[in-house]
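Protein chains in written order, with the working numbering: chain B, 1 to 364; chain E, 365 to 728; chain V, 729 to 1092.
Keeping only pairs whose Cα atoms sit at most 30 Å apart, straight-line, the calculated DSS-like set for lysine-lysine is: (1) V:Lys1069 - B:Lys321; (2) E:Lys685 - E:Lys705; (3) V:Lys1031 - B:Lys321; (4) V:Lys1049 - V:Lys1069; (5) B:Lys200 - E:Lys667; (6) E:Lys564 - V:Lys1031.
These are calculated hints, taken from the structure and not from any lab test.
Predicted model only: the values in this text are computed from it and were never measured.
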Amino acid sequence: MAAIDVALREIAEALGGELIGDGSQRIRRIGPLEDATADSIAFLANPRYRSQLATSIAACVIVAPALRDEAVARGAAIVTPDPYLYFARLSQWWAPRARCAPAAGVHASAVVDPSADVAATASIGALAVIEAGATIGDGAVIGAHCTVGAEAQVGANTRLAAHVTLGFGCVIGERCIVHSGVVIGADGFGFAPTEGRWEKIEQLGAVRIANDVEIGANTCIDRGALGDTVIEDGVKLDNLIQIAHNVHVGAHTVMAAFVGVAGSAHIGRHCLIGGAARIAGHITLADHVQISTCSLVTHSIAKAGHYSGAFPIDDNASWQKNAATLRNLHALRERVRTLEKTSSERRDSASITPAPSATDSKAV
Amino acid sequence: MAAIDVALREIAEALGGELIGDGSQRIRRIGPLEDATADSIAFLANPRYRSQLATSIAACVIVAPALRDEAVARGAAIVTPDPYLYFARLSQWWAPRARCAPAAGVHASAVVDPSADVAATASIGALAVIEAGATIGDGAVIGAHCTVGAEAQVGANTRLAAHVTLGFGCVIGERCIVHSGVVIGADGFGFAPTEGRWEKIEQLGAVRIANDVEIGANTCIDRGALGDTVIEDGVKLDNLIQIAHNVHVGAHTVMAAFVGVAGSAHIGRHCLIGGAARIAGHITLADHVQISTCSLVTHSIAKAGHYSGAFPIDDNASWQKNAATLRNLHALRERVRTLEKTSSERRDSASITPAPSATDSKAV
Amino acid sequence: MAAIDVALREIAEALGGELIGDGSQRIRRIGPLEDATADSIAFLANPRYRSQLATSIAACVIVAPALRDEAVARGAAIVTPDPYLYFARLSQWWAPRARCAPAAGVHASAVVDPSADVAATASIGALAVIEAGATIGDGAVIGAHCTVGAEAQVGANTRLAAHVTLGFGCVIGERCIVHSGVVIGADGFGFAPTEGRWEKIEQLGAVRIANDVEIGANTCIDRGALGDTVIEDGVKLDNLIQIAHNVHVGAHTVMAAFVGVAGSAHIGRHCLIGGAARIAGHITLADHVQISTCSLVTHSIAKAGHYSGAFPIDDNASWQKNAATLRNLHALRERVRTLEKTSSERRDSASITPAPSATDSKAV
Chain B
1 MAAIDVALRE
11 IAEALGGELI
21 GDGSQRIRRI
31 GPLEDATADS
41 IAFLANPRYR
51 SQLATSIAAC
61 VIVAPALRDE
71 AVARGAAIVT
81 PDPYLYFARL
91 SQWWAPRARC
101 APAAGVHASA
111 VVDPSADVAA
121 TASIGALAVI
131 EAGATIGDGA
141 VIGAHCTVGA
151 EAQVGANTRL
161 AAHVTLGFGC
171 VIGERCIVHS
181 GVVIGADGFG
191 FAPTEGRWEK
201 IEQLGAVRIA
211 NDVEIGANTC
221 IDRGALGDTV
231 IEDGVKLDNL
241 IQIAHNVHVG
251 AHTVMAAFVG
261 VAGSAHIGRH
271 CLIGGAARIA
281 GHITLADHVQ
291 ISTCSLVTHS
301 IAKAGHYSGA
311 FPIDDNASWQ
321 KNAATLRNLH
331 ALRERVRTLE
341 KTSSERRDSA
351 SITPAPSATD
361 SKAV
Chain E
365 MAAIDVALRE
375 IAEALGGELI
385 GDGSQRIRRI
395 GPLEDATADS
405 IAFLANPRYR
415 SQLATSIAAC
425 VIVAPALRDE
435 AVARGAAIVT
445 PDPYLYFARL
455 SQWWAPRARC
465 APAAGVHASA
475 VVDPSADVAA
485 TASIGALAVI
495 EAGATIGDGA
505 VIGAHCTVGA
515 EAQVGANTRL
525 AAHVTLGFGC
535 VIGERCIVHS
545 GVVIGADGFG
555 FAPTEGRWEK
565 IEQLGAVRIA
575 NDVEIGANTC
585 IDRGALGDTV
595 IEDGVKLDNL
605 IQIAHNVHVG
615 AHTVMAAFVG
625 VAGSAHIGRH
635 CLIGGAARIA
645 GHITLADHVQ
655 ISTCSLVTHS
665 IAKAGHYSGA
675 FPIDDNASWQ
685 KNAATLRNLH
695 ALRERVRTLE
705 KTSSERRDSA
715 SITPAPSATD
725 SKAV
Chain V
729 MAAIDVALRE
739 IAEALGGELI
749 GDGSQRIRRI
759 GPLEDATADS
769 IAFLANPRYR
779 SQLATSIAAC
789 VIVAPALRDE
799 AVARGAAIVT
809 PDPYLYFARL
819 SQWWAPRARC
829 APAAGVHASA
839 VVDPSADVAA
849 TASIGALAVI
859 EAGATIGDGA
869 VIGAHCTVGA
879 EAQVGANTRL
889 AAHVTLGFGC
899 VIGERCIVHS
909 GVVIGADGFG
919 FAPTEGRWEK
929 IEQLGAVRIA
939 NDVEIGANTC
949 IDRGALGDTV
959 IEDGVKLDNL
969 IQIAHNVHVG
979 AHTVMAAFVG
989 VAGSAHIGRH
999 CLIGGAARIA
1009 GHITLADHVQ
1019 ISTCSLVTHS
1029 IAKAGHYSGA
1039 FPIDDNASWQ
1049 KNAATLRNLH
1059 ALRERVRTLE
1069 KTSSERRDSA
1079 SITPAPSATD
1089 SKAV
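All chains, full assembly: derive it from the sequences and hints.
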């Protein structure tokens, strides 16, 4: 990793925003506001942390217009409508300067089939395997120990980290990032039962991944049984996710770690799926559906919105009592019903009997 | 992937069933009924989709005897008692015709210890590592980047996809399929506590996998602590499953993605374990037990049957209210008890007091 | 694996404890008490299995002082205050004798950058890749197919099994064990939303792992966004765990398989996190917190103790009824409230009205 030492002015020139203060100030780090150093650029995206502004010694703070005066009172600032987005773009400007770029060309130790089509500007890492008929696009980076299967396609400027498996015939678009341990194109899980055994259904489809998709470490995306498994543009998948065969994930949907999507589920666009949530097979989620972490989605959701289902945590003793009661919850409801019935009968009788009784008394 | 172009007759001759219609019809795809093309063979396994029969333009439809007339009315058909099973076998007939078979022999880039015993008909992929004393059976396929540890054994016709790790001394039988990223024979998770630290218990057992087992991508099967971890014949494991040390999985049991089985659990034969279900350590599940997705099995189950335990999903606002109430469920039960007691006392008093009172009144 | 054949005396001399009986007895196995062979050494750690003592034919049993007489009555014994810890140490003494040690030096097929600093006593396995500027300490073992990224550091006597990915700039201390498929230093999952898309936040931090840490197969530890992700001394992580960016895991904490820790969570020391538990982002767990399996921790826990939250399993029919009721739990509570109110009003009216009424009656 190379050390970075730039003038503040260079950042503002590259990324925009209104720079207030000394543009010649040297910047050597991006830091969180709270423990920034005097050569750091920091950002304030969440007004909750506003109090850190006064005490931070950061060389420059990226802030929204509303905080301009406060920021300027303490030193240099870059004013921009969306400081978090500005930070994202700053990180993208920063990373290639801090890291060694992989060299274009095929590493001497890689095993590339002569029939593979590897762009001259692509980088094929040490001990990578590129099988027959595979295509590697312009500027693509194939990390060390990757396997790109026969007739698979990697789009331009897509990066595969070390140890990625891209199965035969699978396609990944442009500007994607695939992290280590990802397996794209393993067989979907399909069997026909017969006489107490399971007969394999060969998975004859593939996986098609569009552009600008990011896939986290050790995530699995299975190939389709007949048609393909499809991931649309801009989808972001965290680590250790399971996408089963013939699933369709709509554009710009985000899933956190350990999400499992069962076969042939159809997830809409712009969905947010929390960690360890499970989506049952053959169901459909509308666009803009948000699922909370650990929730099990057992039926289609036709309406955008936020859905949840997870057991609340408690101290173990309380949980034990509540869980034991939960196992008899239906019976408890029946008891409440009985009480309601009794109460209602009593109320009925109360509204009839006592009155005459009182009357009787008085009548006596 | 090779293009397939066969006469319908060839399929029926290979797989049986009663062929009705033009056997010379060319078949180039296996398709779902609903979007089949005119050169597709499709199947109808679920009567629910019966309405698709009339409108499908598939060249041939595989149907059960009950749908013979309906199928024949629209074109060629193969009539067979179990269309889904027929489809499975068709997929198996199809796949090797559509794909390049790996060549027998050891790829020049593979690293094979001279003491390893590799069958002449086995295929060892690019950059695979076969360590000392390992055995690779007839017709076995070891994918690119696989590691087969010292003295490990791979049975005849078993296929390891790319990037499989088979640990030293571990054994896998015949006709198994192991997908990419699988780790067989990592250490089980065992430690003895001492003075606030954890002392490692070396895992001295191995993993023994029988015949016809399939193991999904990135699944882990740990070696035993003293004895072995055992997977019996015909077990099918989906992706991202965790089988801990000394677990025993009975024949023909199926587990969906993310299932976790803790140490020394003993799972019966013909069980169905839903995705993300957890089986606690040191417990036993009888044969033919079905566990629903996301359920946590904390105690042995002695009786075949279907067991479940997962929080139902709801819109987030409803969930919040219900979850908050759940945290006080035990208290709610106590309140119901109190009401029942009060109601019962009142009933008792109601059956005694009013009568005398009325009598009193009347007596007055 | 080499066969082991030692005199019982050798074990006691190496590991201590009071040896009672024939020290020349040959020991060839470590076995569980119940199915030990006549050349086995077994241990009895849990008094629950005490009854197995009399019937075991093990050559020697490791027992606590309280069971000395019982053990000696049946044959040789080693008496030690903590038999389980003794067993752990015995397994550590045993393992290197039973297994081939990897040879020091760099395998001819490995790809080691000339600028990497590899200790002469380290072992670099077949087809491993060591990138520019990486450091491999004394006695460290890098397994086959490992990737050690640029400027990454592996401490002395740390072992990476086959297929480990250690990302650029990441650091792992001494005496650690990292199992196959582990990915250390993939990008944390960070994006800024903008106009319906997600803008990547480059992850500029790294991962720092201290000493004596063990990491199970296919576990992922992401690099930090700005600062580092930190794993302190003696932490033990099981398989398939997800540690997100900027998480901090305190010393000697243990996590079982499938635990997910979201970004910037801070886990205390000596915590026990059960399998598939989830820790939300940006929260803090105190030292000595125990979380039950499958529990979702949504808020900070300031106090040591045991916390749980998981739906209890039941037969499917019962679960369905209880789960359906659960979806209306809040309404049920309201119904109980109504009943309580009614009951209370009745009691109030009962304590006021009837009395005068009776008085009235009597007054009449």
